[in-house]
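> Residues per chain, in single letters:
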Amino acid sequence: NAGVTQTPKFRVLKTGQSMTLLCAQDMNHEYMYWYRQDPGMGLRLIHYSVGEGTTAKGEVPDGYNVSRLKKQNFLLGLESAAPSQTSVYFCASMAGSINSPLHFGNGTRLTVT
Amino acid sequence: AQKVTQAQTEISVVEKEDVTLDCVYETRDTTYYLFWYKQPPSGELVFLIRRNSFDEQNEISGRYSWNFQKSTSSFNFTITASQVVDSAVYFCALSGTLSGTYKYIFGTGTRLKVLA
Numbered sequence: 048n049a050g051v052t053q054t055p056k057f058r059v060l061k062t063g064q065s066m067t068l069l070c071a072q073d074m075n076h077e078y079m080y081w082y083r084q085d086p087g088m089g090l091r092l093i094h095y096s097v098g099e100g101t102t103a104k105g106e107v108p109d110g111y112n113v114s115r116l117k118k119q120n121f122l123l124g125l126e127s128a129a130p131s132q133t134s135v136y137f138c139a140s141m142a143g144s145i146n147s148p149l150h151f152g153n154g155t156r157l158t159v160t
Numbered sequence: 002a003q004k005v006t007q008a009q010t011e012i013s014v015v016e017k018e019d020v021t022l023d024c025v026y027e028t029r030d031t032t033y034y035l036f037w038y039k040q041p042p043s044g045e046l047v048f049l050i051r052r053n054s055f056d057e058q059n060e061i062s063g064r065y066s067w068n069f070q071k072s073t074s075s076f077n078f079t080i081t082a083s084q085v086v087d088s089a090v091y092f093c094a095l096s097g098t099l100s101g102t103y104k105y106i107f108g109t110g111t112r113l114k115v116l117a
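Note that the protein sequences, when read in sequence, are chains E and P. Residues 48 to 160 (the working numbering) make up the first sequence, in order. Residues 2 to 117 (the working numbering) make up the second sequence, in order.
Since the hints were made in silico from the structure, they are not lab data. A virtual CB, placed ideally from N, CA and C, is assigned to each residue, including glycine. A few of these clues could be false.
Said to hold, decoys possible - Partial list, derived from the structure: chain P residues whose beta carbon lies under 8 angstroms from chain E:
#1 Glu45
#2 Phe107
#3 Gly108
#4 Gly110
Unchecked claim - With a straight-line cut-off of 30 angstroms between C-alpha atoms, the simulated DSS-like cross-links for lysine-lysine are:
#5 P:Lys39 x P:Lys17
#6 P:Lys39 x E:Lys104
#7 P:Lys71 x P:Lys104
#8 P:Lys39 x P:Lys104
#9 P:Lys104 x E:Lys117
#10 P:Lys4 x E:Lys104
#11 P:Lys71 x E:Lys56
#12 P:Lys104 x E:Lys56
#13 E:Lys56 x P:Lys114
#14 P:Lys17 x P:Lys114
#15 P:Lys71 x P:Lys114
Can you build the whole structure from these sequences, using the hints too?
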């Protein structure tokens, strides 16, 4: 019963380095989301996907790219990390109807020095 | 635009006290859903409840209760006889279709500290 799995759990990057966060879900959900959580700012949507092969921008997309090549996976990339991207990143998936709750992964804590 | 406001940044109560967490929302959708999530110190986000815009009945689940009032655009969450294990950050969220495809908008969260 894995649900939504995020890897890695922790990562430290130096400014300018790149990395990819992986999100995998085994619930056959259509919708997937990437959020970042910062103190006092709640959860802010970075990018989301309504199905395999599709992606769209959320509230704070700058500096990030995403891909959804397979239905079960949603990747979040940072091409050139900046200290402002230090945050906790959450992936979530949703079945695809307005009343469906989001199912979250356990988060990835990223520090950019 | 859709917006969720949780004006209480942090609340501290003593164990066994009742506490209410406020959530006020804005939307132009006629059909929408409201949610509460709990984030304990371990960091995961746990779904607590969902309420649709056509159902204004209050809901009670054990020590938890939710009061949805469309007239004041509020969806408040009350914990009765609080316990230390209730210490967490609580998020209110709104989903609707007006702003796009099922985007979920979250409030900034309320940190609840229950002191023994």
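> What hint numbers does the structure not satisfy?
11
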